[in-house]
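Please model the complete structure; the sequences and the hints are all you need to start from.
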Amino acid sequence: MKRVFLAVAGLFLGTGTAQAATCEDSFVKSGSPVTGLRFVATTTVPNMSMASAVGQINGIVAAKGYAILAAEPDSGAMLIEPPATGKSRPFPIEIAADGTGTVRMEAKLRAGMGIPDAAAKAEMCGILTQLKGGKAGEALAAKGLGATSAPGAPIRMSVLRFSQDITGQADKNNAAVQKRYEGRQFTLYGPVSYVGPVRDTYRVEWKLLSNVLTDLVPGRASAGFSVNCVLAKGQGVYALQLKPDKHVELTGTFDQLDYGRSSVWLKDCRPVK
0 MKRVFLAVAG LFLGTGTAQA ATCEDSFVKS GSPVTGLRFV ATTTVPNMSM
50 ASAVGQINGI VAAKGYAILA AEPDSGAMLI EPPATGKSRP FPIEIAADGT
100 GTVRMEAKLR AGMGIPDAAA KAEMCGILTQ LKGGKAGEAL AAKGLGATSA
150 PGAPIRMSVL RFSQDITGQA DKNNAAVQKR YEGRQFTLYG PVSYVGPVRD
200 TYRVEWKLLS NVLTDLVPGR ASAGFSVNCV LAKGQGVYAL QLKPDKHVEL
250 TGTFDQLDYG RSSVWLKDCR PVK
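Numbering-wise (numbering that gives the first Met the number 0), the sequence shown opens with residue 0 and increments by one.
Treat the hints loosely; a few may be bogus.
Unchecked claim - Derived Cβ-Cβ restraints for the label pairs, each shown as a range: (1) Pro196 <-> Ser87: 32 to 40 Å; (2) Lys272 <-> Pro115: 32 to 40 Å; (3) Asp116 <-> Arg198: 47 to 55 Å.
What the hints assert, rightly or not - No more than 20 Å apart at the CA atoms, straight line, and that leaves these computed lysine to any residue pairs for SDA-like: (4) Lys245 <-> Lys272; (5) Lys178 <-> Asp257; (6) Lys266 <-> Tyr201.
Hints are computed from structural coordinates only; laboratory data are not their basis.
Here the structure is a predicted model, which is why all the values come from computation and not from measurement.
For each residue, glycine too, the CB sits at the ideal point set by N, CA and C.
Here it is, written out as structure tokens:
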């Protein structure tokens with residue numbers, strides 16, 4: 000009888016173990032590079048509320064430099080994007096947590112983009128497997144919800160390409176652009192169009208020179224947003240020696256997008272030496 004009991008117990012134990020799927024087991028890929036790839040990963044953490052899940056993930060992805068477009072603890076929803084590199088277009092990652100401790104993460108790549116399956120699985124599950132339940136999770140959530148993404152190293156590109164990227168993204172959703180880039184640093188280069196005073200310093204507006212080759216880049220909009228760099232204090236000597244068409248390279252921090260005036264502004268700009 001004892002042997003029978005042990006055998007039955009072992010059967011139930013084995014069944015329970017088999018059903019305890021890991022994040023890696025849940026990973027699913029769908030779509031195609033032509034229509035847009037989709038990657039989905041799921042995990043379940045006992046005794047974890049929706050708010051706790053969102054707070055914890057906010058802290059995790061902020062430390063990794065992700066752009067956090069929205070974090071809504073009460074509804075268990077988040078929208079994030081991988082760190083900008085200047086070489087790839089941003090794509091959304093939607094996160095949904097429910098009252099049972101289950102968290103679903105879905106990456107929605109744009110048409111023409113590709114990521115190796117193994118890399119996507121490792122990144123997504125690397126985030127989800129850090130989640131904790133109970134008091135430990137609540138403590139992490141309280142700390143993580145107030146975290147903001149580190150700006151990272153400045154992204155260097157021509158001012159024409161920057162304007163093209165901003166124009167295309169703003170035409171799709173201008174509110175997302177502000178969230179995507181606020182606090183991020185850029186090193187932009189191109190010819191000067193205008194230099195003038197603004198408050199107690201000066202601003203440099205670049206000239207956007209395009210040609211047949213730059214306008215034919217697949218998936219890139221025409222440059223429709225002017226780009227202005229407000230110089231940091233103490234740059235007056237530099238500003239007053241600039242002339243139209245002079246090539247300048249400046250590093251500044253994304254400040255704001257003025258969709259109504261089709262302009263984008265960077266602040267605290269300094270020349271690259």
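Cross-check of the supplied hints:
| no. | hint | result |
| --- | --- | --- |
| 1 | Pro196 <-> Ser87: 32 to 40 Å | holds (37 Å) |
| 2 | Lys272 <-> Pro115: 32 to 40 Å | holds (38 Å) |
| 3 | Asp116 <-> Arg198: 47 to 55 Å | holds (51 Å) |
| 4 | Lys245 <-> Lys272 | holds (15 Å) |
| 5 | Lys178 <-> Asp257 | holds (13 Å) |
| 6 | Lys266 <-> Tyr201 | holds (10 Å) |
The structure meets every hint from the earlier list without exception.
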